[in-house]
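Colleague: In case you want the letters, here they are:
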Amino acid sequence: MAISVKVMNRPEPEDTSYLRAALSGMALTFRHLVNPSKVTQQYPEEPTDLSPRWRGTHRMEVHADGRPKCVACGLCPTVCPANCIRLVGGEDDQGNRYPIVYEIDEFRCIFCGMCQEVCPVEAIHVGQHFENAEYTRSRFVYDLDRLMEQDHPTTLLWDPSDPSSE
Amino acid sequence: MAELVTLTIDGQEVSVPRGTTILEAAKKIGKQVPHYCYHPGMSSPAMCRLCLVEVEGAPKSMPSCVTAVTEDQIVHTESKQAVGNREGVLEFYLVNHPLDCPICDMSGECDLQDYVHAEGRAHGRSEEPKRVFGRDDFGGDVLFYGDRCVMCTRCVRFMNEVEQDERLTVVERGNRSVIDTFFEEGLEGTHWHGNIIDICPVGALVSKEFLYKARAWDLEHTPSICPSCSQGCNIELHTRDNLIQRIKPRENLEVNGWWMCDYGRHNHGWMNRGIRLEDPLVRTLDGAAGPMRWRDALEQLLQHVGVMGEGRVKAVATPFASNEDLGTLAELVGTLGGGDMVYRSVRVEEEVVLKGFPTLARRKDLAPNTNGAELIGFTRVGDDQAAGGLEDIAKHDGIVIIMGDELSDQAEDFGQEAGLFVYLGDQQSPAASNAHFVFPLTTFAEQEGSFTNIARRVQRFSPALEPSSMARPAWLILGALAAELNNGDAPRSAADAFSGLARRVEAFAGLTYQDIGIRGAVVNETYVLSES
Chain A
1 MAISVKVMNR
11 PEPEDTSYLR
21 AALSGMALTF
31 RHLVNPSKVT
41 QQYPEEPTDL
51 SPRWRGTHRM
61 EVHADGRPKC
71 VACGLCPTVC
81 PANCIRLVGG
91 EDDQGNRYPI
101 VYEIDEFRCI
111 FCGMCQEVCP
121 VEAIHVGQHF
131 ENAEYTRSRF
141 VYDLDRLMEQ
151 DHPTTLLWDP
161 SDPSSE
Chain B
1 MAELVTLTID
11 GQEVSVPRGT
21 TILEAAKKIG
31 KQVPHYCYHP
41 GMSSPAMCRL
51 CLVEVEGAPK
61 SMPSCVTAVT
71 EDQIVHTESK
81 QAVGNREGVL
91 EFYLVNHPLD
101 CPICDMSGEC
111 DLQDYVHAEG
121 RAHGRSEEPK
131 RVFGRDDFGG
141 DVLFYGDRCV
151 MCTRCVRFMN
161 EVEQDERLTV
171 VERGNRSVID
181 TFFEEGLEGT
191 HWHGNIIDIC
201 PVGALVSKEF
211 LYKARAWDLE
221 HTPSICPSCS
231 QGCNIELHTR
241 DNLIQRIKPR
251 ENLEVNGWWM
261 CDYGRHNHGW
271 MNRGIRLEDP
281 LVRTLDGAAG
291 PMRWRDALEQ
301 LLQHVGVMGE
311 GRVKAVATPF
321 ASNEDLGTLA
331 ELVGTLGGGD
341 MVYRSVRVEE
351 EVVLKGFPTL
361 ARRKDLAPNT
371 NGAELIGFTR
381 VGDDQAAGGL
391 EDIAKHDGIV
401 IIMGDELSDQ
411 AEDFGQEAGL
421 FVYLGDQQSP
431 AASNAHFVFP
441 LTTFAEQEGS
451 FTNIARRVQR
461 FSPALEPSSM
471 ARPAWLILGA
481 LAAELNNGDA
491 PRSAADAFSG
501 LARRVEAFAG
511 LTYQDIGIRG
521 AVVNETYVLS
531 ES
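Protein chains in written order, with my numbering: chain A, 1 to 166; chain B, 1 to 532.
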């Protein structure tokens, strides 16, 4: 195969000059200086808006008399892909099925929201909440009392006006 | 041999003996016709109307559980007529069913759930309020949820036909009909009522003991043999979190049919006992027992035996031990120069016979393997409370080996004069404080093995639980010791230990784990014949 040489032309000076781009950038900067549009959020002084479908740490709904709504059916530990829910069912003094132990390890949780989706009595919910700092790891295993104390809004897994996300 | 009848079910030809029902014939080709009231162990009233199938030439659908097959019959179980019938019947069942699956113990193993999921309507059309019965305590271990009941009357028929102690009946009529007990008598005092919980196809009858304990799909099922008497009922151990949660009978027509007694069903607390012997303990010269690795402990024991030399051995075993454990203990005793081998067991006054299945009873002997122990050469000592009978062993100055017997009736100076005292067990025993060697054993639920039942049927059981820490099966420990002493091969598996037993003990000759299989096998016939 014969060797050939391809001759490349040098670019013209007007194509290589950065001056035009630099000037248009400076123009944008000055425009914002005169007419600022806010992008930065002043978190944590100002709370952020979360999407209604944000899936954060859990909460357990309670009845009016303070009992958890959970009936210990065992569907959430069954469906949980991260295996982070520990449930021991039992019978309360009125003969109802209720959770003796209900623990969620929020560190193992992947916040898929399937526990909320599968719950037949709408007891366990993922919440619109993400500020979870603690001093020890063990505090991230939320027990039943802790889950019932949570008061953040719960997640809407789907938009009621558009349930199939169309 | 009965005359064979050939018929066609869903396009598949099948030949069955005359008199067989269509449902049984369909079962033979792997077609399960949905049913509630039919149970192979009881009569069929054909009242659930779920097993109706289309029979060509018949004016209407026929209940397959009571319709006998005829020559050249053509049956459709999946036709529009049959499926439509099931859909309609299931819709009726759900008219009053509370659909409380989330809190129902049967959920996950419920026939109504399965059938409705497979063939029922997606939505009910009933608008009327459901009738409500609430729950009723039937006594014994049984709770009754009337709303969930599908009125198959299996429980009523079990009590009437199989247990033959009429305790349940149907009261009221129409949609008010409900199962009830007579007056306040309930099921208290009956010995087989746990079976009505098993045969209930829905969650109407549930066990109080198991109530809300575990979900059906969380339980692991391990085939096993009931250790509570010498009948040797075939059972399944249902486990979760390394604990036995409940015991269910396993079908074996040669032994227990479909049933088991309540005593055996509830006698599983001891398998879950937490406080156990953890490590091999070896007593040093100053008298204190300290933990040691298995290898070191066994080496020390062999040295000890070497110093002692051969002498008369006295061995006490428990009839809760498997054939393999007893066999290797016998081999070790033989290797050490022979001696006395005894066992102690609890006996009760009366058998509790299941009248409708008379070959099944809660036997007098409350240990699973007394027959195995007898065949291997152990003799029974002590009284019916498994106490006493060890006077000469307590003062024996040779080798004393205790396997599994907790010596709960013995004083603390038991074995004080023994030259070598080896205690193998799963629990620490005060009477074993003089033992030179204490070895932790696995329990029956943690190891593989076999029992020989009252009819000399050898039946295998499988391990259901993880063994506790350093515990090992007795055949492994004793087999290794015997192999060191007689330069033989140590058994590597329970099957190995059993084949060793089959070589040494005539009654087991020729049997292998494969022969025994899942259904069990009777010990060597020539042995049984020669004895009688």
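Among the hints, erroneous ones may be present.
Simulated restraints on C-beta separations [claimed, not checked]:
1. A/Tyr135 <-> B/Glu109: 43 to 51 angstroms
2. A/Arg137 <-> B/Asp413: 23 to 31 angstroms
3. B/Thr379 <-> A/Arg137: 34 to 42 angstroms
4. A/Ser138 <-> B/Asn175: 51 to 59 angstroms
Heads up, simulated DMTMM-like pairs for lysine to aspartate or glutamate below, C-alpha to C-alpha not over 25 angstroms straight-line [to be verified]:
5. B/Lys31 <-> B/Glu71
6. B/Lys364 <-> B/Asp137
7. A/Lys69 <-> B/Asp218
8. B/Lys248 <-> A/Glu61
9. B/Lys208 <-> A/Asp105
10. B/Lys208 <-> B/Glu254
11. A/Lys69 <-> B/Asp100
12. B/Lys27 <-> B/Glu254
13. B/Lys364 <-> B/Asp100
14. B/Lys213 <-> A/Asp145
15. B/Lys27 <-> B/Asp111
16. B/Lys248 <-> B/Glu220
17. B/Lys208 <-> B/Glu220
18. B/Lys213 <-> A/Glu61
19. B/Lys364 <-> B/Glu220
20. B/Lys130 <-> B/Asp218
21. B/Lys364 <-> B/Asp383
22. B/Lys248 <-> B/Glu299
23. B/Lys130 <-> B/Glu161
24. B/Lys355 <-> B/Asp340
25. B/Lys213 <-> A/Glu14
26. B/Lys213 <-> A/Glu131
27. B/Lys355 <-> B/Glu254
28. B/Lys208 <-> A/Asp93
29. B/Lys364 <-> B/Glu349
30. B/Lys248 <-> B/Asp279
31. B/Lys60 <-> B/Glu13
32. B/Lys213 <-> A/Glu117
33. B/Lys213 <-> A/Asp151
34. A/Lys69 <-> B/Asp147
35. B/Lys213 <-> A/Glu91
36. B/Lys213 <-> A/Glu103
37. B/Lys213 <-> A/Asp92
38. B/Lys28 <-> B/Glu91
39. B/Lys208 <-> A/Glu117
40. B/Lys213 <-> A/Asp93
Source of the hints: derived by calculation from the structure; they are not laboratory data. Just so it is clear, CB atoms sit at the ideal spot from N, CA and C, and this is done for glycine as well.
Colleague: All the hints need checking, so say for each whether the structure fits it.
Modeller: Each hint tested on the structure:
1. A/Tyr135 <-> B/Glu109: 43 to 51 angstroms: holds, 45 angstroms
2. A/Arg137 <-> B/Asp413: 23 to 31 angstroms: Since the Cβ atoms of A/Arg137 and B/Asp413 sit about 52 angstroms apart, the hinted range of 23 to 31 angstroms is violated.
3. B/Thr379 <-> A/Arg137: 34 to 42 angstroms: violated, 60 angstroms
4. A/Ser138 <-> B/Asn175: 51 to 59 angstroms: holds, 54 angstroms
5. B/Lys31 <-> B/Glu71: The given pair, whose Cα atoms are some 19 angstroms apart, holds under the 25 angstroms limit.
6. B/Lys364 <-> B/Asp137: violated, 30 angstroms
7. A/Lys69 <-> B/Asp218: Holds - the C-alpha atoms of B/Asp218 and A/Lys69 are around 22 angstroms apart, at most 25 angstroms.
8. B/Lys248 <-> A/Glu61: violated, 37 angstroms
9. B/Lys208 <-> A/Asp105: Not satisfied, since the Cα-Cα distance of roughly 31 angstroms exceeds 25 angstroms.
10. B/Lys208 <-> B/Glu254: violated, 30 angstroms
11. A/Lys69 <-> B/Asp100: holds, 15 angstroms
12. B/Lys27 <-> B/Glu254: holds, 20 angstroms
13. B/Lys364 <-> B/Asp100: Not satisfied, since the Cα-Cα distance of roughly 42 angstroms exceeds 25 angstroms.
14. B/Lys213 <-> A/Asp145: holds, 21 angstroms
15. B/Lys27 <-> B/Asp111: holds, 17 angstroms
16. B/Lys248 <-> B/Glu220: holds, 12 angstroms
17. B/Lys208 <-> B/Glu220: holds, 20 angstroms
18. B/Lys213 <-> A/Glu61: Holds: B/Lys213 and A/Glu61 sit about 23 angstroms apart, inside 25 angstroms.
19. B/Lys364 <-> B/Glu220: violated, 31 angstroms
20. B/Lys130 <-> B/Asp218: violated, 31 angstroms
21. B/Lys364 <-> B/Asp383: With Cα atoms ~13 angstroms apart, B/Lys364 and B/Asp383 stay inside 25 angstroms; holds.
22. B/Lys248 <-> B/Glu299: Roughly 43 angstroms separates the two Cα atoms, so the pair is violated.
23. B/Lys130 <-> B/Glu161: violated, 32 angstroms
24. B/Lys355 <-> B/Asp340: violated, 40 angstroms
25. B/Lys213 <-> A/Glu14: violated, 81 angstroms
26. B/Lys213 <-> A/Glu131: Status violated; Cα separation ~35 angstroms.
27. B/Lys355 <-> B/Glu254: holds, 16 angstroms
28. B/Lys208 <-> A/Asp93: Answer holds: B/Lys208 to A/Asp93 is near 14 angstroms, not above 25 angstroms.
29. B/Lys364 <-> B/Glu349: Holds, at roughly 6 angstroms.
30. B/Lys248 <-> B/Asp279: violated, 33 angstroms
31. B/Lys60 <-> B/Glu13: Cα-Cα ~22 angstroms, so holds.
32. B/Lys213 <-> A/Glu117: holds, 24 angstroms
33. B/Lys213 <-> A/Asp151: This hinted pair is violated, its Cα atoms lying about 30 angstroms apart.
34. A/Lys69 <-> B/Asp147: holds, 22 angstroms
35. B/Lys213 <-> A/Glu91: Within the cut-off at roughly 9 angstroms; holds.
36. B/Lys213 <-> A/Glu103: holds, 17 angstroms
37. B/Lys213 <-> A/Asp92: Holds. B/Lys213 to A/Asp92 sits at ~13 angstroms (cutoff 25 angstroms).
38. B/Lys28 <-> B/Glu91: Not satisfied, since the Cα-Cα distance of roughly 29 angstroms exceeds 25 angstroms.
39. B/Lys208 <-> A/Glu117: Violated, because 31 angstroms separates the two Cα atoms, which is more than 25 angstroms.
40. B/Lys213 <-> A/Asp93: holds, 16 angstroms
The structure does not agree with the numbered hints 2, 3, 6, 8, 9, 10, 13, 19, 20, 22, 23, 24, 25, 26, 30, 33, 38, 39 stated previously, though it agrees with the rest.
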